[in-house]
Amino acid sequence: MKPISIPHPAEALILAKVNSAVVDRAREVRLMAFDIDGILTDGGLWYGENGELVKRFNSLDGYGLRMLRESGIAVSFITGRKGPIVARRAAELGIEMVQQGVRDKVQGLTAMAQELGCTLDQVGFMGDDIMDLAALQRVGFSASVPNAPAYISQAVHWVSSVNGGHGAARECCDLILAAQGRLSAFLQPNTVILGDVTQ
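Oh and the sequence shown: position 81 is 77 in this note's numbering, straight run, nothing missing.
These aren't lab readings, by the way, just hints derived from the structure by calculation. No incorrect hints appear here.
Computed beta-carbon distance windows for the label pairs:
1. Ser55 <-> Ala8: 21 to 29 Å
2. Ala146 <-> Arg99: 21 to 29 Å
3. Glu92 <-> Gln184: 22 to 30 Å
4. Asp117 <-> Ile81: 29 to 37 Å
5. Arg23 <-> Arg52: 27 to 35 Å
6. Gly177 <-> Gly44: 43 to 51 Å
7. Asp117 <-> Gly90: 21 to 29 Å
8. Asn15 <-> Ala181: 23 to 31 Å
9. Ser67 <-> Leu9: 17 to 25 Å
10. Lys78 <-> Ala12: 35 to 43 Å
11. Pro3 <-> Leu41: 38 to 46 Å
Computed from a predicted structure; not experimentally measured. Positions of the beta carbon are idealized from the N, C-alpha and C atoms, including for glycine.
Please work from the sequences and hints to get the whole structure.
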């Protein structure tokens, strides 16, 4: 007889707010990909007086991405823009799968899935704009943010409660980890995430 799996109270709290069909999809995720602008940032582009571009990332998101990686779930960045900021943020978090300047995100996600030996049904993607729509419709688990255009938020499986750049990606990470019964490992008093503490 298979033992009954009882979720940790924090996992149960997260899962109670989510449709069971969405939880089932999140449970299958082996690769979780994130757009940058509007998801890991608030979408704002700040330019210095010399033309340098600055983006603001959220440390809660960074820790969530680390928890996914430490749980054996591959994490990737896939973005239509190009620049050193994304590469630097990925390096800080130990994320090696980074695709920049990508117009066809379905193709990009398919290539990453093949590299990992999984199907698009085992891929999750969080995006917020028209360029992300085709990929959001093809993956097994799609997510977005409440300030995305309605045709995006209505097309995805799950929408965060907060906007991009304000912990939306962390909320998504927590959902995936809770669905897979992996969040509880990080709620133990002596749990330490390996590697650099940069969030």
